[in-house]
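Novice: Same order as they appear, the protein sequences are chains A and B. With our numbering applied, the first sequence covers 1 to 301. With our numbering applied, the second sequence covers 1 to 350.
Treat the hints as calculated values from the structure; they're not laboratory data. Every residue gets a Cβ at the ideal spot worked out from N, C-alpha and C, and that includes glycine. Errors might be hidden in some of the hints.
Output of the computed footprint for chain B on chain A, the stretches with three or more beta carbons under 8 Å from beta carbons of chain B [unchecked claim]:
id, segment
1, 2-16
2, 115-127
3, 169-175
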Amino acid sequence: MKIALGPLQYYWPRVTTLEFYAAVADWPVDIVYLGETVCSRRHELRLPDWFEIAGMLAEAGKTPVLSTQVLLESGQELKTLYRITENAQFAVEANDMGAVHRMQGSPFVAGPFLNIYSKPTLDVMAAQGAVRWVMPLEMGRAGLAQLQADRPAGLQTEVFAYGRMPLAFSARCFTARNRNFPKDNCQYVCMEYPDGLLLETRESEAFLTINGIQTQSALTYTLIHELEDLSALGVDVIRLSPQSQGMDEVVRAFRAVLDGQQAAGQAHGQLVPLMPKGPCNGYWHGRPGLDMVQPRAASAA
Amino acid sequence: MPVSASTRPGVIHHHDDSRFELVCPAGSLPALRAAVDHGADCVYLGFRDATNARNFAGLNFDEAAIAEGIRYAHARQRKVLLALNTYPQPDAWQVWRQAVDRAAEAGVDALIVADPGLMAYASRHYPGLRLHLSVQGSATNYEAIQFYHEHFGVARAVLPRVLSVAQVQQVCENTPVEIEVFGFGSLCVMVEGRCALSSYATGESPNTHGVCSPARHVRWQQTPQGLDSRLNGVLIDRYEEGENAGYPTLCKGRFDVAGETYYALEEPTSLNTLELLPRLMAMGVRAIKIEGRQRSPAYVAQVTQVWRQAIDSARASQARYSVHPAWMAELNKVAEGQQHTLGAYHRPWK
């Protein structure tokens, strides 16, 4: 299985972002998704900057993929979309049916927000030119096994395997709302929260993470215990979603387990302290997403 | 009856407001009759299972009820739309496919669908059956709408409740597909079809089970701190004595963020766009949708009647149209949290 680094969900300062991707060039990842997928007001990096990073990573032997914004509303956002879908240099991840439409049959990756839950829909995407699809976050092992059993020939499968999960998108910016700023004058406060802004219940349970117009899980999804299973199911790529601290260790831990150099249980023990608020894996087991199902003792080494 | 002619681009008379439709919810036969009797042009309903996004106990229609509903509506020249707007789950494609067959056999006027696989099936097997893109299809821009139009002949798209008026106009101007928008009812603050908050807390979401914050996971508990509402154990809100307690829809609870306790995502309010009606008509919006298949026949009657009057008034003269205080008073009685908002249509809300 290959390792992909998912698109950066947060808004980091320009220098931080550039340094992050410079470091990625040396990490054991195969595919790197790039671009602003959450909010078009974020401007520390412009589209040409992302193209430049893509070029740098390609030279370093990685496969860059440009991800399109998930929620497309304004004319300006569509213009940015066209510049991505019409680029002749790099692969594209389509995160909205508008992006799928603009690919006009050219190869693309069908992103996790296209709501592909069944074989007939997978067939539609393959017919449109999808070369890989990313399983919806809500889907678990049972559903994936069904879809893998008769997926269209040549279509690869990717599974989100690590990170705070993007669960919802809105027109409203919840970070700006927290500061009582209107979205149109948000003062880019999301940059103050490199891993998002924690939302707790009134009894201090870490529940969600506010990230601009996006709402994420507070807990970090991890499938580090399931890599053998994913491989047996014929999954081609696992996606690790960037966080501000220790992402290189996350990548190396997954690589080590995939390569049989480290036991999953041991790697998990190293990863938990790196997670802002602890792990979850419920979706994989067909349970509420925030649940953490402990692995069987045998694999817990 | 399928209106196949209007699936072709170029034949839609965008600014002919005599064809402007009021689309009302029906969770039961009495609600359907209430909608028709009080002036709905179209009624939308769903089967009694996970194939629609209001899969609640005691709600929705079996074959006999649909047949009766269609008979009642068609006898009065109204349409019946069937919401088949969840995503077929990997192990149960047959259930969703058969729902298309059942709807076609029942003779509904259109299917409201979200899933491309289901659209492909419907357009292949029932080419005369009109397809509407559900709000659960998350189409917020005309490129997405064109995708569904070109591949499956989708004739109408229901827009998510996240666009501003200017953005709705931009969509109308750039697609031959009829546009339907939400006018009144419970407000989704998230893009419909792109929200998994409910399954994160409970394992069941609109996409997968046709439910949000499902009732079977709700617990009320009186404690010394107040009245707690919980969703699968997660504390959604806590009410002090004398506070109005609302249903614990998880995006409408009070949470702690950066040391402050407040409605971090959205207040319990209703969407109400009465004052925008003439503008929506002028820009070529073809239909207004009222939310609330889970609500009572009395709610449906009350809301339908107000909107019928408003639409007729705006049709008579868009320039002289104004929102009657009596309309607002009626709607306030049934609004969630007794509050109204223009939602995303009004930019400062964002």
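Novice: Decide, hint by hint, whether the structure agrees.
Specialist: Outcome of the hint check:
1. 2-16: n = 0 at 8 Å, threshold three: violated.
2. 115-127: holds (count 10)
3. 169-175: Result for this restraint: holds, n = 6.
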